[in-house]
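Kindly generate the complete structure, drawing on both the sequences and the hints.
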Amino acid sequence: MKNSKLFWLLSLVLVLSAFLAACGGGGDSSSETTTETEEGTSESGASGEPDAEQVLNLIESAEIPTMDSAIAEDAVAFNILNNVNEGLYRLNQENVAEPALAEGEPTISEDGLTYTFKLRDANWDNGEPVTAQDFVFAWQRAIDPATGSPYGPYMMGGTIKNAAKIAADEMEKEELGVKAVDEKTLEVTLERPTPYFLSLMSFGTFLPQNEKFVTEKGDDYASNSDNLLSNGPFKLTNWDGTGLTWSMEKNPEYWDAETVQLETINVDVVKEPATAVNLYNSGEKDRAGLSGEFALQYADNEEVVKELEPTVFYLKFNQERNGEKTPLANVNIRKAIAMAFNKQDLVDVVLANGSLPANYLVPTEFTFDENKADFREVNGDVLSFNAEEAKKLWAQGLEEEGVSEVTLELLGGDTETAKSMDEYLKSQLEENLEGLTVELKAVPFQVRLELDQNQDYEIQTAGWGPDYQDPMTFIDLFVTDSSQNRMSYSNAEYDALVESAKGDLAQDVAARWDAMAQAEKLLLEEAAIAPIYQRGLMSLQKPYVQGIVTHPFGGDYSYKWAYISGKQ
Amino acid sequence: MARYIGKRLIYMFITLALIATFTFFLMKILPGSPVASADKLSPEQRAVVEARYGLDKPLPVQYFDYMFGLAQGDLGISINQFKGANVTDVIQSRMGPSAQIGFQGMLLGTFLGVLLGMIAALRQNTWVDYSSTLVAIVGISIPSFVFASMLQYFFALKLEWFPVALWKDGFMSSVLPSIALAMFPLATAARFIRTEMIEVLGSDYITLARAKGASGSEIAFKHAFRNALIPLITVLGPMAVGILTGSLVVEQIFAIPGIGEQFVKSIMVNDFSIIMGTTIFFSVFLIVVILIVDILYGIIDPRIRLSGGKS
Numbered sequence: 003m004k005n006s007k008l009f010w011l012l013s014l015v016l017v018l019s020a021f022l023a024a025c026g027g028g029g030d031s032s033s034e035t036t037t038e039t040e041e042g043t044s045e046s047g048a049s050g051e052p053d054a055e056q057v058l059n060l061i062e063s064a065e066i067p068t069m070d071s072a073i074a075e076d077a078v079a080f081n082i083l084n085n086v087n088e089g090l091y092r093l094n095q096e097n098v099a100e101p102a103l104a105e106g107e108p109t110i111s112e113d114g115l116t117y118t119f120k121l122r123d124a125n126w127d128n129g130e131p132v133t134a135q136d137f138v139f140a141w142q143r144a145i146d147p148a149t150g151s152p153y154g155p156y157m158m159g160g161t162i163k164n165a166a167k168i169a170a171d172e173m174e175k176e177e178l179g180v181k182a183v184d185e186k187t188l189e190v191t192l193e194r195p196t197p198y199f200l201s202l203m204s205f206g207t208f209l210p211q212n213e214k215f216v217t218e219k220g221d222d223y224a225s226n227s228d229n230l231l232s233n234g235p236f237k238l239t240n241w242d243g244t245g246l247t248w249s250m251e252k253n254p255e256y257w258d259a260e261t262v263q264l265e266t267i268n269v270d271v272v273k274e275p276a277t278a279v280n281l282y283n284s285g286e287k288d289r290a291g292l293s294g295e296f297a298l299q300y301a302d303n304e305e306v307v308k309e310l311e312p313t314v315f316y317l318k319f320n321q322e323r324n325g326e327k328t329p330l331a332n333v334n335i336r337k338a339i340a341m342a343f344n345k346q347d348l349v350d351v352v353l354a355n356g357s358l359p360a361n362y363l364v365p366t367e368f369t370f371d372e373n374k375a376d377f378r379e380v381n382g383d384v385l386s387f388n389a390e391e392a393k394k395l396w397a398q399g400l401e402e403e404g405v406s407e408v409t410l411e412l413l414g415g416d417t418e419t420a421k422s423m424d425e426y427l428k429s430q431l432e433e434n435l436e437g438l439t440v441e442l443k444a445v446p447f448q449v450r451l452e453l454d455q456n457q458d459y460e461i462q463t464a465g466w467g468p469d470y471q472d473p474m475t476f477i478d479l480f481v482t483d484s485s486q487n488r489m490s491y492s493n494a495e496y497d498a499l500v501e502s503a504k505g506d507l508a509q510d511v512a513a514r515w516d517a518m519a520q521a522e523k524l525l526l527e528e529a530a531i532a533p534i535y536q537r538g539l540m541s542l543q544k545p546y547v548q549g550i551v552t553h554p555f556g557g558d559y560s561y562k563w564a565y566i567s568g569k570q
Numbered sequence: 010m011a012r013y014i015g016k017r018l019i020y021m022f023i024t025l026a027l028i029a030t031f032t033f034f035l036m037k038i039l040p041g042s043p044v045a046s047a048d049k050l051s052p053e054q055r056a057v058v059e060a061r062y063g064l065d066k067p068l069p070v071q072y073f074d075y076m077f078g079l080a081q082g083d084l085g086i087s088i089n090q091f092k093g094a095n096v097t098d099v100i101q102s103r104m105g106p107s108a109q110i111g112f113q114g115m116l117l118g119t120f121l122g123v124l125l126g127m128i129a130a131l132r133q134n135t136w137v138d139y140s141s142t143l144v145a146i147v148g149i150s151i152p153s154f155v156f157a158s159m160l161q162y163f164f165a166l167k168l169e170w171f172p173v174a175l176w177k178d179g180f181m182s183s184v185l186p187s188i189a190l191a192m193f194p195l196a197t198a199a200r201f202i203r204t205e206m207i208e209v210l211g212s213d214y215i216t217l218a219r220a221k222g223a224s225g226s227e228i229a230f231k232h233a234f235r236n237a238l239i240p241l242i243t244v245l246g247p248m249a250v251g252i253l254t255g256s257l258v259v260e261q262i263f264a265i266p267g268i269g270e271q272f273v274k275s276i277m278v279n280d281f282s283i284i285m286g287t288t289i290f291f292s293v294f295l296i297v298v299i300l301i302v303d304i305l306y307g308i309i310d311p312r313i314r315l316s317g318g319k320s
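Chains A and B, in that order, give the protein sequences. Numbering of the first sequence is given in the numbering used here, commencing with residue 3 and proceeding in unit increments. Numbering of the second sequence is given in the numbering used here, commencing with residue 10 and proceeding in unit increments.
Because the hints were derived from the structure by calculation, they are not lab data. These figures come from a predicted structure and were not determined experimentally. Positions of the beta carbon are idealized from the N, C-alpha and C atoms, including for glycine. Errors might be hidden in some of the hints.
[What the hints assert, rightly or not] Between beta-carbon pairs, the in silico distance windows are: (1) B:Pro52 to A:Ile110: 30 to 38 Å; (2) A:Thr266 to B:Tyr139: 52 to 60 Å; (3) B:Gly179 to A:Glu304: 30 to 38 Å; (4) A:Gln299 to B:Ile149: 26 to 34 Å; (5) B:Phe22 to A:Lys569: 57 to 65 Å; (6) B:Asp74 to A:Gln95: 47 to 55 Å.
[Claimed, not checked] Under 10 Å between C-beta atoms, here's a sample of chain B residues computed to sit facing chain A: (7) Val57; (8) Ile262; (9) Asn279.
So, in structure tokens, the structure goes:
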């Protein structure tokens with residue numbers, strides 16, 4: 003009896019240490035944290051009457067690095083900005099961008115280059131009105147090289163007129179294509195017609211800032227919750243700038259305050275996944291993310307909510323390393339590898355977090371045409387798992403290369419998830435492709451980035467999350483001169499399709515959609531990359547939490563429509 | 010004495026300068042950029058951000074700028090963890106909780122450890138001795154993160170005696186983390202005191218005390234204990250190190266806004282200035298502790314001469 007107890011305790015220690023060792027890294031997602039997002043609204047059961055007490059208790063996984071929308075570049079900041087501020091547009095419960103501070107749809111010039119927005123009457127929480135000048139000020143600030151904003155040039159360059167030149171210090175920031183015609187009229191000029199421009203207007207970088215307030219606060223601006231102004235559904239409180247705790251309180255000055263039901267959202271940063279789950283189970287927190295082993299452990303729990311993120315992971319095939327062609331320059335070898343691993347088993351057994359097998363680059367449930375048809379319906383699946391076909395292509399490829407054995411390096415992340423996935427890929431590929439030896443190389447994220455920049459790898463597992471709600475955010479990754487290409491893939495037809503979708507077809511919605519679909523198909527048929535999976539996210543959520551909306555890009559969540567119902 | 014301390018202070022500054030230099034260059038060798046969205050940006054866009062934080066300057070210039078600032082007590086500004094915040098402010102705002110659980114852990118651990126060690130020595134080679142040795146070994150070998158997780162699970166989640174985590178309930182929030190941190194000093198002190206006590210108990214003056222007819226407890230506390238305590242001071246340094254490294258994980262597990270957990274994060278996100286600032290802060294703390302230990306040692310035990318003969 004005593005022995006069995008001791009044994010039990012010992013096993014608990016072992017299991018716990020395994021958990022904790024596994025949770026140590028967490029860097030896996032750092033590549034996508036900037037745009038880590040979920041898709042679809044969290045489905046909840048019966049939604050009854052809201053309770054009298056409207057308090058939501060949440061966990062965040064990292065501190066707020068900044069609340070200055072001009073320099074924000076991470077998931078935490080964009081999420082809070084989305085809830086305490088508001089721009090011209092906002093993603094609604096169906097994830098369609100709808101006018102927010104803009105009063106109705108803008109007037110768009112015939113060439114699609116000039117957008118004129120009328121602003122609604124709305125105030126900052128200090129009572130001052132939000133004006134067109136606030137937008138001009140904030141956008142100029144974000145593009146000004148002196149600000150050192152990462153997302154300013156990234157989001158505006160090539161889209162807003164003159165942005166790229168200003169970022170390169172070749173023009174003054176005043177020449178940015180945004181102008182306050184009067185207090186309530188904002189005119190934006192684009193570099194080229196941009197069909198997804200309105201959804202872009204819901205992104206954090208394009209939020210307004212009150213010039214007087216920002217200038218007055220100087221270096222202290224956005225350094226804690228007292229040095230901030232909000233114009234959104236909530237305002238940030240109790241944030242000291244470096245702490246692990248803050249709150250969001252309903253903003254009575256918000257123009258649509260009557261929609262907002264939550265009075266207070268209390269947020270605490272918990273970096274340890276086990277602690278997050280314990281806080282959830284103790285009832286202190288209403289929601290907790292499940293990572294790694296916890297996803298497996300709670301998979302059948304009825305309080306689990308699953309969300310599909312628009313983040314896709316794939317293998318990059320480097321065709322040229324150190325100036326020499328690799329075996330991956332052969333299309334049949336690439337195709338063979340892309341089809342030689344069982345993706346369903348991978349997501350079910352190895353990842354087990356609600357991810358989907360991906361036979362595509364543009365994620366599912368991410369972008370829709372005007373008839374609400376998913377972009378995925380156009381191309382369907384390409385490069386599905388097919389061991390027989392893969393074997394044939396492999397033999398053919400080897401023959402073309404005149405070799406019987408190939409050794410390839412597989413570069414990947416050093417987190418537990420990444421390592422177990424890469425080990426699975428190695429075993430599948432070596433089993434299905436005779437004569438192939440895969441050498442695994444697991445490195446920290448920053449190292450992988452550097453090796454990628456130097457094109458110093460053969461196969462690499464990489465992932466991408468969207469920056470705007472359009473297939474183009476994925477499609478243009480692999481044009482010849484893209485900084486994400488770095489694998490010597492170059493196809494003139496693909497480049498031309500992308501170019502026309504960005505250029506002459508920009509105003510022809512259907513033809514543009516079609517060109518992007520063709521480009522994706524071409525990319526995958528040539529197996530320039532091999533899609534692996536689309537990431538899922540599992541969380542525990544109390545049944546009394548209703549109406550949290552999750553978004554595919556920008557801020558991850560909206561609490562504007564959330565409420566508590568049925569908590570005793 | 011004054012001369013000795015003066016000399017030690019000079020050594021301290023040299024040590025610090027060396028630590029700062031090593032850390033600085035080691036970090037520059039680390040691959041990767043402190044720009045969080047480096048994977049998205051083009052090299053030109055990245056350069057703009059890096060220039061904002063002076064990372065575009067040649068390495069020697071960056072180094073001398075940093076050392077010059079350091080000499081004036083300026084640790085620079087955070088690059089991405091708390092964009093634009095002064096590193097000194099960050100450390101200041103995070104110091105309190107770390108100091109509290111560290112101090113409590115040290116106090117509790119030393120007290121219990123001394124108690125355990127004494128009992129073990131007085132009941133040498135009995136089951137009491139063996140179980141206290143077992144506790145010491147377990148305390149040394151179970152990593153603090155495992156111990157902390159177990160405390161959290163049993164005493165907070167199951168028994169609900171203490172909060173699960175977070176820094177919201179004053180003293181109650183600090184209990185479990187302090188216990189988790191106490192394990193290392195406890196084990197160290199227990200082993201040390203036991204050995205010392207056994208040695209002291211076998212010495213001539215204890216035999217004399219016994220011959221005089223002093224009672225058992227009088228011998229243990231009045232004569233043996235005080236002398237056994239002296240060597241404990243030497244392990245205060247290593248104990249402080251143990252508390253410090255323990256705090257990195259314990260703070261993370263209990264979600265305490267301390268320096269330790271913030272240090273871990275800064276390394277993960279490549280925030281040079283925070284890594285530098287925190288390393289220097291930790292170094293100063295340890296160097297000062299060691300200095301105090303050396304001075305105390307000389308005061309308590311006059312047999313130990315600090316400097317070349319004169320005092």
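So, going through the hints one by one against the coordinates:
{"no.": "1", "hint": "B:Pro52 to A:Ile110: 30 to 38 Å", "result": "holds (34 Å)"}
{"no.": "2", "hint": "A:Thr266 to B:Tyr139: 52 to 60 Å", "result": "holds (55 Å)"}
{"no.": "3", "hint": "B:Gly179 to A:Glu304: 30 to 38 Å", "result": "holds (36 Å)"}
{"no.": "4", "hint": "A:Gln299 to B:Ile149: 26 to 34 Å", "result": "holds (31 Å)"}
{"no.": "5", "hint": "B:Phe22 to A:Lys569: 57 to 65 Å", "result": "holds (58 Å)"}
{"no.": "6", "hint": "B:Asp74 to A:Gln95: 47 to 55 Å", "result": "holds (51 Å)"}
{"no.": "7", "hint": "Val57", "result": "holds (5 Å)"}
{"no.": "8", "hint": "Ile262", "result": "holds (5 Å)"}
{"no.": "9", "hint": "Asn279", "result": "holds (6 Å)"}
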